[in-house]
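From just these sequences and the hints, can you work out the full model?
First to last, the protein sequences are chains H and F. Using numbering that gives the first Met the number 0, you'd call the opening residue of the first sequence number 0 and step up by one each time. Using numbering that gives the first Met the number 0, you'd call the opening residue of the second sequence number 0 and step up by one each time.
Honestly, I wouldn't trust all of these hints.
[What the hints assert, rightly or not] Taking CB as the label site, the calculated pair distances span:
| hint | chain 1 | residue 1 | chain 2 | residue 2 | range |
| --- | --- | --- | --- | --- | --- |
| 1 | H | D123 | F | S27 | 50 to 60 Å |
| 2 | H | Q53 | F | A223 | 17 to 27 Å |
| 3 | F | P112 | H | G26 | 25 to 35 Å |
| 4 | F | P116 | H | Q32 | 55 to 65 Å |
| 5 | H | S127 | F | D318 | 53 to 63 Å |
| 6 | H | G26 | F | A189 | 46 to 56 Å |
| 7 | H | T108 | F | G134 | 48 to 58 Å |
| 8 | H | Q53 | F | S220 | 19 to 29 Å |
| 9 | H | A110 | F | E227 | 36 to 46 Å |
| 10 | H | L120 | F | K228 | 22 to 32 Å |
| 11 | F | G99 | H | G26 | 33 to 43 Å |
Keep in mind the hints are simulated off the structure, nothing from the lab. Ideal placement from N, C-alpha and C gives every residue a C-beta, glycine not left out.
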Amino acid sequence: MKKEDVPQQPDLSEGCKVINYATDESGRYTLTQSAGWEVKDVALQQAWDAIDEQLKEIITVIKAGEKSPLAYHMIKNQMDPALLAQYSGIARWQVKRHLKPRVFNRLDTAALSPYLELFNLTIDQLRSVPEIPDTLRANLNKVEVEQ
Amino acid sequence: MKIDFPHHQFAHCESGVTTNLLNYHGFSCSEAMVFGIGAGLFFAYAPFIKLNHLPLTTFRTSPGAIFAKATKRLGVVVKREKFRDPLVAENRLDQLLAAGRPVGAQTGVYWLPFFPPAYRFHFNGHNLVVIGKVGDDYLISDPIFEETVRCPATDLRKARFAKGALAPKGKIYYIETMPQQFDLPKAVVAGIKEVCRGMLKTPIPMAGVSGIRLLARKLESWPAKLDEKQTLLHLGHVIRMQEEIGTGGGGFRFVYAAFLQEAAAVLNNDQLLELSNHCTGIGDLWRDFALLASRVCKGRATIQASFSELADLLRKCADEEQILFTRLQVAIK
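Written out as structure tokens, the structure is:
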């Protein structure tokens, strides 16, 4: 890659520039900052789209009373029951039970505290789900709109 | 308290961390040199390891290997520690910092607040250097970023004890003693030999140039085997592994070309300059692959025709890499 070919297409990185290796006029390698590349952005947006879609689905399922709000926060944090179990220290079979609304609704603050600490949420936040997914990317887009 | 640490921004976290640490301890070298001596270049397609539920494609060796091999080949004595208890891990880190020692740490990316939010995925092979502490904030030299950053202790604790694949288990590492003198040519040759071996002679079909050919075959089968959404997700994942933060572009092929340029001077061998050009050409091929793949993901190219073209591009990469590393092996004999 030549220095002048290093892509400078602003992407999701919020102005955080990365180093690309590229050759200068004499063919020597130099470290050049890149503001982003559309190709990378397409792949990254695609990964977030997949998470968004999962969240939209789960919101409907939770509203229908088939899953507990914990399922939303689990997916939002890109986890599955196995990973959530490792992080919270709660056994996987217990985590799976907590995904059932009937069980989840009976849990008190003490029982939920590992989740609260992990996700950095208040008890009310953990017990509710938003109308539209609020992923890290969604927050990012919101900030841009406000500006 | 802050250690006076020379922070430089580099392309890749682990080779960047190793370079900054070596520079701090008085051995000035480039990231490309560390990457080459540490034999960082590799390829593997391992569908049984999942990252975000998608098969792993990697363009480099396993996390920790570059630091371990580069320091070993240079005769640097290092120390590594792992922990079970986060609090013990934090106390030990504070203790080392108080003694004025910059400390490398393996972390997950997801919990690091200084990362752009859109880049926060569960990837646990990240590396950074902790260079101080002010109140409850750690001062961090993360070679991916232009400037040093601050990170609250609670977040760093979560990041050091991230769970899932490649869990860091609080791993820290630091340089204990530097050697009296370095045998740079010997280290460079050892690094090159290992990369050639890894790319040409790994006896499993998932690794090296045969790994690239395996990916080409598998990729061709995706449109028939998976639904359209999954097909595109699989393809997008390959692009991310190849071009995402930390590769320097072209799946590390450009960093390696830069290393070969430097190696030509160290070994006084002009053949390596020519091979460096070849390696640059291969990096460009990989980028052509990513470009076409992204057009497919965006729906600008039809799937069935493009996938055979993509597979052909991969086979071309494999063929060229086979030629490159075979010639490289001969060139350093």
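Cβ separation of F:P112 and H:G26, checked against the hinted range 25 to 35 Å:
Violated - the Cβ-Cβ distance for F:P112 and H:G26, about 41 Å, lies outside 25 to 35 Å.
Regarding H:G26 and F:A189, is the given constraint of 46 to 56 Å on their beta-carbon distance met?
Violated: the Cβ-Cβ distance is about 27 Å, outside 46 to 56 Å.
Quick check: does the Cβ-Cβ distance between H:D123 and F:S27 fall within 50 to 60 Å?
Given range 50 to 60 Å: holds, Cβ gap about 55 Å.
Whether the CB-CB distance between F:G99 and H:G26 falls inside 33 to 43 Å:
Check passed, 42 Å falls within 33 to 43 Å.
Pairwise beta carbon distance, H:Q53 to F:S220, judged against the given window 19 to 29 Å
For F:S220 against H:Q53, whose Cβ atoms are near 25 Å apart, the range 19 to 29 Å holds.
In this structure, is the beta-carbon distance linking F:P116 and H:Q32 contained in 55 to 65 Å?
Between F:P116 and H:Q32, where Cβ atoms are some 21 Å apart, the hint is violated.
H:T108 and F:G134, beta-carbon distance inside 48 to 58 Å?
Distance hint for H:T108, F:G134 is violated at roughly 29 Å.
Range hint 36 to 46 Å: satisfied by the CB atoms of H:A110 and F:E227?
Given about 42 Å between the Cβ atoms, the range holds.
Is 53 to 63 Å respected by the C-beta to C-beta distance linking H:S127 and F:D318?
Since H:S127 and F:D318 have Cβ atoms about 56 Å apart, the given range 53 to 63 Å holds.
Does 22 to 32 Å hold as the CB distance between H:L120 and F:K228, or does it fail?
At 30 Å between Cβs, range holds.
Quick check: does the Cβ-Cβ distance between H:Q53 and F:A223 fall within 17 to 27 Å?
25 Å Cβ-Cβ, so the 17 to 27 Å window holds.
The structure shown violates the earlier hints numbered 3, 4, 6, 7.
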